[in-house]
Amino acid sequence: MFINVLNRELRIAARSPGEWLQPLCFLLIVMTLFPLGIGPSPGLLATLAPALIWITALMAVLLSVDRLFRDDFEDGTLEQLVLSSGPVWLNSLAKVCAHWLFTGLPIVCLSPFLCIMMNLSSQWMPKVALSLLLGTPILSLLAALGGALTVGLRQGSALLPVIIMPLMIPVLILATQAIASPASGDAYFLWLGALLSFSLTFLPLAIAASLKVAVSR
Amino acid sequence: MNIRLWNWIHKLGSAKHFYRFSSLILPGLWVVSVLILSLGLYAGLMLAPADYQQGDSFRIMYIHVPAAILSQSSYVMMASMGALFLIWKIKLADVAMRTVAPIGAALTFVALLTGAIWGKPTWGTWWVWDARLTSTLILMFLFLGVLAIRNAAGNGPAAGRMAAILAVIGVINLPIIKYSVDWWFTLHQPASFSLTERPAMPVEMWLPLVVMILGFYSWFFALWILRIRTEVLVTEANKDWVRQLVNQR
Numbered sequence: 001m002f003i004n005v006l007n008r009e010l011r012i013a014a015r016s017p018g019e020w021l022q023p024l025c026f027l028l029i030v031m032t033l034f035p036l037g038i039g040p041s042p043g044l045l046a047t048l049a050p051a052l053i054w055i056t057a058l059m060a061v062l063l064s065v066d067r068l069f070r071d072d073f074e075d076g077t078l079e080q081l082v083l084s085s086g087p088v089w090l091n092s093l094a095k096v097c098a099h100w101l102f103t104g105l106p107i108v109c110l111s112p113f114l115c116i117m118m119n120l121s122s123q124w125m126p127k128v129a130l131s132l133l134l135g136t137p138i139l140s141l142l143a144a145l146g147g148a149l150t151v152g153l154r155q156g157s158a159l160l161p162v163i164i165m166p167l168m169i170p171v172l173i174l175a176t177q178a179i180a181s182p183a184s185g186d187a188y189f190l191w192l193g194a195l196l197s198f199s200l201t202f203l204p205l206a207i208a209a210s211l212k213v214a215v216s217r
Numbered sequence: 001m002n003i004r005l006w007n008w009i010h011k012l013g014s015a016k017h018f019y020r021f022s023s024l025i026l027p028g029l030w031v032v033s034v035l036i037l038s039l040g041l042y043a044g045l046m047l048a049p050a051d052y053q054q055g056d057s058f059r060i061m062y063i064h065v066p067a068a069i070l071s072q073s074s075y076v077m078m079a080s081m082g083a084l085f086l087i088w089k090i091k092l093a094d095v096a097m098r099t100v101a102p103i104g105a106a107l108t109f110v111a112l113l114t115g116a117i118w119g120k121p122t123w124g125t126w127w128v129w130d131a132r133l134t135s136t137l138i139l140m141f142l143f144l145g146v147l148a149i150r151n152a153a154g155n156g157p158a159a160g161r162m163a164a165i166l167a168v169i170g171v172i173n174l175p176i177i178k179y180s181v182d183w184w185f186t187l188h189q190p191a192s193f194s195l196t197e198r199p200a201m202p203v204e205m206w207l208p209l210v211v212m213i214l215g216f217y218s219w220f221f222a223l224w225i226l227r228i229r230t231e232v233l234v235t236e237a238n239k240d241w242v243r244q245l246v247n248q249r
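Those protein sequence lines, which keep their order, are chains A and B.
For the first sequence, position 160 matches number 160 in this note's numbering, and the numbering has no gaps at all.
For the second sequence, position 172 matches number 172 in this note's numbering, and the numbering has no gaps at all.
The hints are simulated quantities; they were obtained by calculation from the structure and are not laboratory data.
Warning: the hint list may mix true and false statements.
Here chain B is said to cover these stretches of chain A; the calculated rule only asks that three of the stretch's residues, wherever they fall, bring their Cβ under 8 Å from a Cβ of chain B [unchecked claim]: (1) 100–110; (2) 204–217.
Calculated pairs, DSS-like style, for lysine-lysine (alpha carbon to alpha carbon, straight line, at most 27 Å) [what the hints assert, rightly or not]: (3) K16(B) / K239(B); (4) K91(B) / K212(A); (5) K89(B) / K239(B); (6) K91(B) / K11(B); (7) K120(B) / K16(B); (8) K212(A) / K89(B).
Cβ atoms here follow ideal geometry from the backbone N, Cα and C, with glycine treated the same way.
Let's have the full structure, built from the sequences with the hints guiding it.
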């Protein structure tokens, strides 16, 4: 069942590229705006780069959540997903996986270009990419939780940042520190991995519970 | 545990019994809380000696510290009520959760505001990004999130479950957020400089603080019980016992 849901999601995403390209365009545009606002000084941009890349990635993931549940909610597929065979948390995990493959993974692939834009030398690129690789799944899971909570509500998408931002703060702190502190070695990446395992274990259960509530309204 | 005690606690989950029980204890609780608060305020504002560094401006601590402690406490209490509602579907727990959320949010706001007022004469600035202030600000957003989802979802049973899920996720995340903010702060601050360290307080200063904390807690519970009673009357308005109560007046 997991494979079926995953396949379906991947196929839908592949057929309408505009949906998942839009948060990435947002990412690029905002990363262009930052130097315009801050000034072109390369040293300053390089210092601020990890934080700016990460905050923009956060916002891009929040933007992309709408497509995760809303269409399925409106045409009844979400109800079928909740009712169908197999545990609901596994089906939700499949949806989040597909979401990450089309949101988080492109961000990881774009990260070398973002580093170049922010004047970060190429020695930093692996660290940036690894922090995004470990962190964007956590962001996808948290954003999916927010999406599941707000999918039935009137102004759900306006509510999403308010609900989910505080929960994303530890990821932001860990990831930016992981990039910016070379002296500590891999410790912060291990912490990020721990947070990822923790989120992967518990958040699908919470997403499933929220989906069941949303569908029962 | 004694079966009769357990039965009595279990009965409290019913709105009617809770209403009857709270009618007995609420007036006493109000009197006690007002007394303790007055005692604490008098002792804190009048009796405690002035700080040799901060003068009299430190006295806002007698409002700030209890508000901060209660803001964190009330979030945990709110999440516990949410968990009770999610696991055992006790409807009174849902009522308790939605009535405490605004109280907790207001207390967090008071803590932030009084902290800023205290910070201006003491540190020279209204706001500084140290670990505790940042954590309290994030707590404010956590409360706002629960309030926002309640507001958007209306009053049905599903709304209670959504808010409860968010509150439980929030409370699980609370240690993670707190530790990551603490760690973030220690990374960015030189170790010799610490804004939140104070020399040990003499007993005349911290005793009124303890009294104020007790007073705040009793006032908080009195207010919460009052709000639960009002909400119970609203949600159970079509039940016989409510009608009898209304007709008696």
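Within 27 Å, alpha carbon to alpha carbon, are K212(A) and K89(B)? Holds - the C-alpha atoms of K89(B) and K212(A) are around 15 Å apart, at most 27 Å.
Restraint status (C-alpha distance of K91(B) to K212(A) at most 27 Å): 18 Å, holds
Please verify whether K16(B) and K239(B) have alpha carbons no more than 27 Å apart. 10 Å, holds
How does the segment 204–217 of chain A fare against chain B when you require at least three residues with a CB closer than 8 Å, holds or violated? Since three or more residues must qualify, the claim that chain B covers the segment 204–217 of chain A holds, with 7 doing so at under 8 Å.
Are there three or more residues in the segment 100–110 of chain A whose C-beta lies closer than 8 Å to some C-beta of chain B? violated (count 0)
Check the hint pairing K120(B) with K16(B) against an upper bound of 27 Å on the C-alpha distance. Distance ~49 Å between K120(B) and K16(B) Cα, so the pair is violated.
Verify the proposed pairing of K89(B) with K239(B), using a straight-line Cα cut of 27 Å. 20 Å, holds
Please work out if K91(B) and K11(B) have their alpha carbons no farther apart than 27 Å. Answer holds: K91(B) to K11(B) is near 13 Å, not above 27 Å.
The structure does not agree with the numbered hints 1, 7 stated previously, though it agrees with the rest.
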